[in-house]
Structures are given as C-alpha cells and as structure tokens.
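J.: Listed here are the chains, written in short residue letters.
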Amino acid sequence: MTDDIRALTARLADEPSSLAFLELGEALRRRGQLEAAYKIVRGGLSRYPDLADGHDLLGRILGDQGDLAGAFDAWADALRFDPMRSGALKGIGFLYFRAGNIDAALEHLQRAAEIDPDDESIAQALARVRAAVRAAPEARPEDTFAPAAPPAASVENATAATSLFPGSEDGEQGMMLVDGNGLRLSGSLRSPSNEDVGDRVAAELAGVSKEASRTTKLLGLGAWEAIAVESPEGNLFLVPPTPHTVLLAMREPSLPMARLGLIAERAARDARAWLGSQQ
Amino acid sequence: MSPAIAVLERVTQVPGVRGSLVISATDGLVVAERLMDGIDGRAIAALAANLIQRLVRATAGAGMRIPTFVHLRGNTGSVLAAPGRNDLVLVAVAGVDANLGLARVEMLDAVGRLA
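Going line by line, the protein sequences match chains Z and D. First residue of the first sequence: 771, per our numbering; consecutive thereafter. First residue of the second sequence: 44, per our numbering; consecutive thereafter.
Treat the hints with caution; some may be incorrect.
[As the list claims (entries may be wrong)] So the derived label-pair ranges between C-beta atoms look like this:
{"hint": "1", "chain 1": "D", "residue 1": "G138", "chain 2": "Z", "residue 2": "P1026", "range": "22 to 30 angstroms"}
{"hint": "2", "chain 1": "Z", "residue 1": "A1028", "chain 2": "D", "residue 2": "M79", "range": "35 to 43 angstroms"}
{"hint": "3", "chain 1": "Z", "residue 1": "G802", "chain 2": "D", "residue 2": "G59", "range": "39 to 47 angstroms"}
{"hint": "4", "chain 1": "Z", "residue 1": "P1023", "chain 2": "D", "residue 2": "I82", "range": "26 to 34 angstroms"}
{"hint": "5", "chain 1": "Z", "residue 1": "T1012", "chain 2": "D", "residue 2": "S67", "range": "30 to 38 angstroms"}
{"hint": "6", "chain 1": "D", "residue 1": "N129", "chain 2": "Z", "residue 2": "G840", "range": "55 to 63 angstroms"}
{"hint": "7", "chain 1": "D", "residue 1": "D130", "chain 2": "Z", "residue 2": "K980", "range": "39 to 47 angstroms"}
{"hint": "8", "chain 1": "D", "residue 1": "R53", "chain 2": "Z", "residue 2": "Y818", "range": "26 to 34 angstroms"}
{"hint": "9", "chain 1": "Z", "residue 1": "A1028", "chain 2": "D", "residue 2": "N129", "range": "43 to 51 angstroms"}
{"hint": "10", "chain 1": "D", "residue 1": "M79", "chain 2": "Z", "residue 2": "G840", "range": "44 to 52 angstroms"}
{"hint": "11", "chain 1": "Z", "residue 1": "D969", "chain 2": "D", "residue 2": "D130", "range": "23 to 31 angstroms"}
{"hint": "12", "chain 1": "D", "residue 1": "N129", "chain 2": "Z", "residue 2": "A846", "range": "48 to 56 angstroms"}
These are calculated hints, taken from the structure and not from any lab test. Ideal placement from N, C-alpha and C gives every residue a C-beta, glycine not left out.
Start from the sequences, fold in the hints, and give me the full structure.
T.: In structure tokens:
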C-alpha cells in the first residue's frame, strides 16, 4: 500500500462522511486495484447518492473493469445530477464510438468540448474519432483506440503526455500550481483582460498559504483545506495539494463555486501525483 | 443597538456560527464583536485582516476587484469574511456543522448595512 493510499484510507476511517472516498477511489483505480476502488466509491455513493463526481468516477472504474454497460449507466447518472459533466460526456462518447454509433459519439464529444474547450483530451478524442471516420469508414471502432488499454484510460491518456494536470477537465489555463516560495511550478493564469498574470499572482499565493495555515491553526480549526474567493470578475479556489504547494483554480463567476471546488480538488490530486513523480 | 451590533446579531443566529465581528482590514482591529466565550476577537481580527490583505493583493494581481466574499475552510471549521465599505470587514467563525450557505447570504446582506 503506498503512502498516499494509506493516508487516504486513514482519513476516510477518521471521517467516514468526508469526500475522501473520491480521492481514495481514484488513487486505487490508477493503481489498478479496481475491485477495492469499486467498493470504496460504492460506499461513498451510498452516503452521497446525488454526487456527480462519484458517479463519474464509478463510470471510469467500471470502464476499466470492462463493464461497459455499467460504465454507461454510471456516467448517465453523473449527467442526471450534472448535465455539464464533461468527463461523463467524454466517457459516454467513447462507449458510443466502441459500439459503432459514430453520430452519438461525435454529439457527446462535441458537447464535452463545448463545455470544456481547454480540455485537450476531449479535443484529441474528437479528432481521433473524426480521423477514424475519414480514414476508414468501415473500420471497427476498437481499431482506433488501443485494444489492450482499458476504456477510460484510453480517453484519458491523451492528456497525460501534454499536461501536468492529467485528468483535469480544464487543462492548464486558469489553473496554477505554486511552490512555497511563490514560484509557478505549472499552469497559467490570464486576467479578465487576457493579460498573463501567472507570476504576479503566484508571488502573492505563498503568503496566502502561510496566512491561511496560521489562521486555522491559531483559531483551532485544524489544517486549512481550501479558500474560496468570490469577486465580481471571477471566482478563485485555492487548495494545498501538499503542505508546501498551493493550487489555484480561477473561473468566471457564472461557474458555481462548488463546481470550481471540485475542479480544483481534482487538479490537486493530479498535482500531488505529478509532484510525487518528480521526486 | 448600533447598526454593527444589529448586523452581528443576525449573523450569529445562523446555526453553527460561533461568533462574528466587524474589523478594520488595514490595521486588524476589532470594531464590534459578538463571540462565544473563549474566542479571542483580537486574534481573529488580526489573522483575518492579514489573510484578507493577502487575498486582496492576489486578486488585484489577477486584474480583479476586491473580493466580495471569502471562505477559509479548515478541517474542523471555517472563517467567513465579507469585505464592505470604508475598510470594514464582517468576519464569522463557524463550526463544521454550520449552515454556511445561510451564513453567506446573511453576511452579504448584512455587510451592505455597515457604514
């Protein structure tokens, strides 16, 4: 058992009602421990049956297990609770593609691309489907995606090589990972007037993290987990992927803060994995 | 009852809110407070003011105006802050069981009443 899985397991044992099951389920899925991941996420969904994130993750696990019908149902549930869930649209698009229903595949992938235009994995999946249709209209869809790779991984892997936030719905734009000295480790940030403000904001974030840590500690509120900041021009969500880093997600105010929080939490998971791989 | 105290009364009535106070953002001093016993208003004021100042600089760096609401979440509770006019900030400390949505609505409504 790796340290992160051990820590997440302990956290979930301490706080069974927390959302740590999402992180633990994803960590187990990435390690290929699919049965354990399935049980964890199922347990979490029994507490949070309306959580689109949980259904989306369940879809990825079932897809990896080869239960494509189950994956379809899980992603359909995710869309029922969050029609803008691009990961679920991407997954269902892939399943339609495998089933040979190209029109439905394109429709779902296009919707996903409209919701998350910065997600390279969606753009690449869309390009691959279109290329496969152009190159060999009669070819079996399985020939396009590597047959040995699990379904969810096939779609997701398109991002892994190009982004430091693999699996993040929103790619690197509007997302930034900063170290304890206020230096930008990854990502980029643009102001509402489209100016590159990444380094300027990064320099301030190290101080924010220290101040947040001091505040929660001295007020007896434990370790700081997140800061949500509302502003007329946009919303910010800060999370600490590790004690010495801060991840910032910034979006327009029209995106609900809870949704921005989920995007940031997911990106933080990816950032943690990326930081671990750099050591 | 002063307007500041009336505002604090409303916020502290939200379930799970342990106390609230009005502070001056630039010097971190308490203007008015309504706190449960054992909570140090001066400490909250100083800490919240520092954090707000940092966040104001970060949002300014991002080309945005002063935040309208801030929620710092710790694993056993939260600090909520609503900056208002004249350098005043309405701050609340809440437990994990607090109704944060209601607290946010009350605070945004209340902070507009502060002079």
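J.: Now tell me if each hint is right for this structure.
T.: Structure-based check of all given hints:
The supplied range of 22 to 30 angstroms is met by D:G138 and Z:P1026, whose beta-carbon atoms lie about 24 angstroms from each other. The hinted window of 35 to 43 angstroms between Z:A1028 and D:M79 is violated, with their beta carbons roughly 28 angstroms apart. Separation of Z:G802 from D:G59 is about 41 angstroms and conforms to the stated range, judged on CB atoms against 39 to 47 angstroms. The hinted range of 26 to 34 angstroms is satisfied by Z:P1023 and D:I82, whose Cβ atoms lie roughly 32 angstroms apart.
Under the hint 30 to 38 angstroms, the C-beta atoms of Z:T1012 and D:S67, about 34 angstroms apart, fit the expected range. For the pair D:N129 and Z:G840, the beta carbons lie near 58 angstroms from each other, so the given range of 55 to 63 angstroms is met. Between D:D130 and Z:K980 the C-beta distance comes to about 23 angstroms, which lies outside the given range of 39 to 47 angstroms. Judged by the Cβ atoms, the range 26 to 34 angstroms given for D:R53 and Z:Y818 holds: they are separated by roughly 31 angstroms.
The hinted range of 43 to 51 angstroms is not satisfied by Z:A1028 and D:N129, whose Cβ atoms lie roughly 31 angstroms apart. Taken as a hint, the range 44 to 52 angstroms holds for the pair D:M79 and Z:G840, whose Cβ atoms sit roughly 49 angstroms apart. At roughly 29 angstroms, the beta-carbon separation of Z:D969 and D:D130 lies within the given 23 to 31 angstroms, and the hint holds. At roughly 52 angstroms, the beta-carbon separation of D:N129 and Z:A846 lies within the given 48 to 56 angstroms, and the hint holds.
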